[in-house]
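Colleague: Letter by letter, the chains look like this.
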Amino acid sequence: MMIDILGYGAFFLSTALIFALITLGLNLQWGLTGLFNVGIAGFVAIGAYASAILTTPDAADRIGGFGWPIALGWVGAATIAAAAAAFTGYATLRLKADYLAITTFGVAVVVQLVALNAQGLTGGPFGVAFIPRPFAAVQDQPVLFNFANLAVVAGVTLAVFLALERLSNSPWGRVLRALREDERAALALGKSARSYRIQAFAVGGAVMGLAGAVQAHFIGFIAPDNYLPTLTFQVWSMLMVGGSGSNRGAVFGAIVVWAIWVGSGSLTAAIVPGDLQARAASLQIVAIGTMLCMILLWRPQGFFGPRPRRP
Amino acid sequence: MNLQFLLDGTLAGAMIGLGAIGATLTYSILRFSNFAHGDFMAWGAYAALAVVGLLGGSTPTVPLSFGWPLLLAMVVAMGLTAVLALALDWLLFARLRARGQAIIVVMASFGASMALRSLLEFLFTSRPTYFSRAIQMAMPLGLGIKITADQVALLVLTLLLVTGMHLFISRSQRGREMRAYAQNPALAQVVGIDVASVVRATWVIGAALACAAGVMVGVLVQIRPLMGLSLLLPIFAAAILGGIGSVPGAVLGGLIIGLSEAATVQFVGAEWRAAVAFVILMVVLLVRPMGLFGVAER
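Chains A and B supply the protein sequences, listed in that same order.
Each residue of the first sequence is one higher than the last, beginning at 4 in the numbering used here.
Each residue of the second sequence is one higher than the last, beginning at 285 in the numbering used here.
This is chain B alone, in the form it adopts within the complex (with noise of 0.2 Å):
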């Protein structure tokens, strides 16, 4: 049997994972499930591929097939995704939020989903586009598993984002008046919170991981326009798979998923690959619609 699926499922799972934490805490934090939380990621990517242009191009540190100027774009494409959310947040999500329906706020994110990945479409068209066209060698770890210096490289990234995000959501204090705003939102603002800051930096969080997803996915595979929406479905399961509200629980989750999508593309067919998260979310919502370390709703 070849192993290969679980380094391709690990990788998978992590842009899912990435994705999946802002989705969770945009849930947790704003209330709604933000259908424009993909068109982030494919913002983020091609914000990256812009300002790589600008810089001249990505000459490759070797082995990988980027360099410095990547990692340097995407971490300008963040803070630019980060000022797409807050505008966004700005012109509609904040005024349809002061009204107190929620569900309303989830149609505007679909109006606005729409809109984005469509404007994408019309400036870049919808052709799939890339960082580089190099091809890499793999390396083989054993047991049949090949890894490419890229590979290696983001896997590295993901975990320094995700214990940093941990790290910050756990011990920083806006992490802790993040946490306490999700769980009781009168009770924080007696307390003093900043309402308004808490709910920045759960924009400037989500979509700056979703842009580094996004990034991710644009070296590992390729940046289309659509790139978002056909993650969107594995971002959404994972974060209710992990629980609503919870970080490790998102990423776990993602791993899950993309664990399992790459045994559907294994053992079943590529062509179904799409359906799992489907199944996944049926699963979790039938038997344990809190996640894995959700809480009971009140």
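Excised from the complex, chain A in its bound form (with noise of 0.2 Å):
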């Protein structure tokens, strides 16, 4: 019993992490930068669709299957989502923040798409299997297991977060805290405001794509279902119960909102008949919602965010 506890503690921290990971990302992009994305979900897509492609051993039915190692992979899925987000900052940052925000909307429509429709890539609806898990020789010792991924996962949110952290007080995190603050003023100091925006963006979007290839080798197997608006959502709202501007507050959010849905969830099921579980799902996505925008319209900074300063 208590081991079981302990394995699925394990589990749950472990989701959350992969959570925590895209949070940073948003926090990057939002938090430091001021840039809108309202299509995370396509990002992950990639990171994860990429991983498996470059690592899954060969296979009859679609391109790809190059088994390569695992590391590998999530260098691949970095790149590749960071090249994707460089190009949708290269096509909307000169524009008004509003461009960039459907146009992010519109990449996880396509991704999406692309995820069901291109079987010869993506598998269809059916997704990728047998992504390679990392500790697979353990496999059949669920607590060892567990808390091994627990530790790669760990691992990779420290090393993300600590980088992160580097960044935003190095000279460039300056700089896009600068022109977040004061576009103007940080024009005048020279800096191009867009070639600053489409990096940030393009790492924030890194980020995010290792963090779906982590999540993909985590579980093993992916389908179009995981990436849907609703992640997109919860990441927001994660980023803003943590407050956004902060790392520890984007790792801190995720945890709390990860429990409170998976809390929520677990007590519906547990209390709501059957046929009514559908309905109240989605009862817990208003709730959601309903959140977020009070968290907007009440604190804005979040829990752990700098405080709001006097305009």
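Take these hints with a grain of salt, some might be off.
SDA-like cross-link-like pairs, simulated, lysine to any residue; straight-line CA separation at most 25 Å [stated by the list, open to error]:
hint: 1; chain 1: A; residue 1: 194; chain 2: A; residue 2: 279
hint: 2; chain 1: A; residue 1: 99; chain 2: A; residue 2: 221
hint: 3; chain 1: A; residue 1: 99; chain 2: B; residue 2: 379
hint: 4; chain 1: A; residue 1: 99; chain 2: B; residue 2: 420
hint: 5; chain 1: A; residue 1: 99; chain 2: B; residue 2: 376
hint: 6; chain 1: A; residue 1: 99; chain 2: B; residue 2: 378
hint: 7; chain 1: A; residue 1: 99; chain 2: B; residue 2: 388
hint: 8; chain 1: A; residue 1: 99; chain 2: B; residue 2: 563
hint: 9; chain 1: A; residue 1: 99; chain 2: B; residue 2: 387
hint: 10; chain 1: B; residue 1: 430; chain 2: B; residue 2: 420
hint: 11; chain 1: A; residue 1: 99; chain 2: B; residue 2: 430
hint: 12; chain 1: A; residue 1: 99; chain 2: B; residue 2: 567
hint: 13; chain 1: A; residue 1: 99; chain 2: A; residue 2: 186
hint: 14; chain 1: A; residue 1: 99; chain 2: B; residue 2: 468
hint: 15; chain 1: A; residue 1: 99; chain 2: B; residue 2: 472
Only part of the chain B face toward chain A is listed, based on derived beta-carbon distances under 7 Å [unchecked claim]:
hint: 16; residue: 376
hint: 17; residue: 390
hint: 18; residue: 403
hint: 19; residue: 558
hint: 20; residue: 559
hint: 21; residue: 565
hint: 22; residue: 573
hint: 23; residue: 574
hint: 24; residue: 576
It should be emphasised that the hints constitute simulated quantities derived from the structure, not laboratory data.
Remember, predicted model here, so these are calculated numbers, not experimental data.
Even for Gly, the Cβ is constructed at its ideal location relative to N, Cα and C.
Starting from two chains that each stand alone, build the complex the way the hints lay out.
Modeller: This is the structure:
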């Protein structure tokens, strides 16, 4: 019993930390740079599929199955997601902020469409299976396996966290903050707003892609349904709860919101009769959406965000 | 070659165009892209469905699949959708707008959209529903094109709504005020334009047209909670293609996107339809971001 709880705890924390990774990527884009991304699910999916295609064993019915080592698959995932984000930024960041939002929304729609329909690349609605899992050798010992996975996920999250902390305190991060706070002043100092923003958007996209890849290898199987708009929405709630602008807040918000999500999910599963569960699940999303709006209204800095400056 | 896709595309384009008018006005006057706009369509369609139910069903006026009760219900639903939009503005958007960060309002509309859509799923389940399940006979128009009586009626309705809207924006005093505020908010306030009523008019028009489009989708296709979400990208693409703030541009943009989608279904494959709006959006953003009838950003 105790062992089961420990094993479940490790599983829960691994999932939450993968969300924390995505939220860290969003925090770089939104919290530090002020770029609004409504297509998070799309960039996560790009990373997941990229790594899956690069690392799975050869498959007859689709392209890929290159059998690369997992680590190389993750590097590939981050690179391809970064390229997609850089192109999105290149096309929209000389225009008004809303155009980036609309375009990222479109990216998520199109990635979902490609995942569903380009069977020769993505396996279509059935997705990609047999994605190699790290520590597959100890798969028959669930507790050990869960903790080994947790160690990997926690290691990646910590590494990304430290790298982002360093980046945001570097001269590069200072320019991003300056652009967000007072674009004209930063321009007057000779900084190219567009180029810095594209860089930040690409790095954030890379982190999201990496998170998608880590999750794909953690579960061992991916399908288009994993990357619906609900994912984007969850990650936004996580960042807003934690406080945009703070990396610690991003990790904290991810764990708290995921706990609320899983907790309320199992609560409704326990007390709501079977035929009403789909409806109860939609009420869960209504609650989180309302919470997001209320945070925006009354506590825009979240729990960890910097104090709002007086206008 | 079967030319039926020209008619299908025009019909789809009419619905997208009606939605895009509201999106383009919200963007140019309230200065944010409203991600909840598609959900106004879905809420409008369900509101009309509920009112038809209260009226005891819509007895069809032959040869249509619907009758006067549905038209009456649509007018009531347009009012209800406008109330929904005004309430949302009062509760959420107006407060955030007052803080002056446009992109926070976009985010709030994203959260509101998610909540509105899931609330519909809670109330009506995600199963699709219909105003009428009757099957209509299509009349041949020549060149291999067939049209049903419903389609004729809805095209006429769209034409009336769009013409009326165009005249309102270009001729009426309120329409002039809206355009003035869109062009230069500070100057508009200086000359004594009542900003609050301009904002109200924008929400009422956008929501009412979204509701009409939603009812049309309901008559021609089906009603489901996700119907607004799936039309959101075509609507934004049409508004940007036509040029933000331009009513004729939004309609033309809607028609271009509707026709391109229908052509894609015909020549490429139905599964890629949803990608068309994105491709057009990217081309417009890269080549001519001000759109067909837009003015360069200052």
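Colleague: Take the hints in turn and mark each one as holding or not.
Modeller: Comparing the hints with the structure gives:
no.: 1; hint: 194/A with 279/A; verdict: 56 Å, violated
no.: 2; hint: 99/A with 221/A; verdict: 38 Å, violated
no.: 3; hint: 99/A with 379/B; verdict: 22 Å, holds
no.: 4; hint: 99/A with 420/B; verdict: 46 Å, violated
no.: 5; hint: 99/A with 376/B; verdict: 22 Å, holds
no.: 6; hint: 99/A with 378/B; verdict: 21 Å, holds
no.: 7; hint: 99/A with 388/B; verdict: 14 Å, holds
no.: 8; hint: 99/A with 563/B; verdict: 19 Å, holds
no.: 9; hint: 99/A with 387/B; verdict: 10 Å, holds
no.: 10; hint: 430/B with 420/B; verdict: 11 Å, holds
no.: 11; hint: 99/A with 430/B; verdict: 43 Å, violated
no.: 12; hint: 99/A with 567/B; verdict: 16 Å, holds
no.: 13; hint: 99/A with 186/A; verdict: 13 Å, holds
no.: 14; hint: 99/A with 468/B; verdict: 17 Å, holds
no.: 15; hint: 99/A with 472/B; verdict: 22 Å, holds
no.: 16; hint: 376; verdict: 6 Å, holds
no.: 17; hint: 390; verdict: 6 Å, holds
no.: 18; hint: 403; verdict: 5 Å, holds
no.: 19; hint: 558; verdict: 5 Å, holds
no.: 20; hint: 559; verdict: 5 Å, holds
no.: 21; hint: 565; verdict: 6 Å, holds
no.: 22; hint: 573; verdict: 5 Å, holds
no.: 23; hint: 574; verdict: 9 Å, violated
no.: 24; hint: 576; verdict: 16 Å, violated
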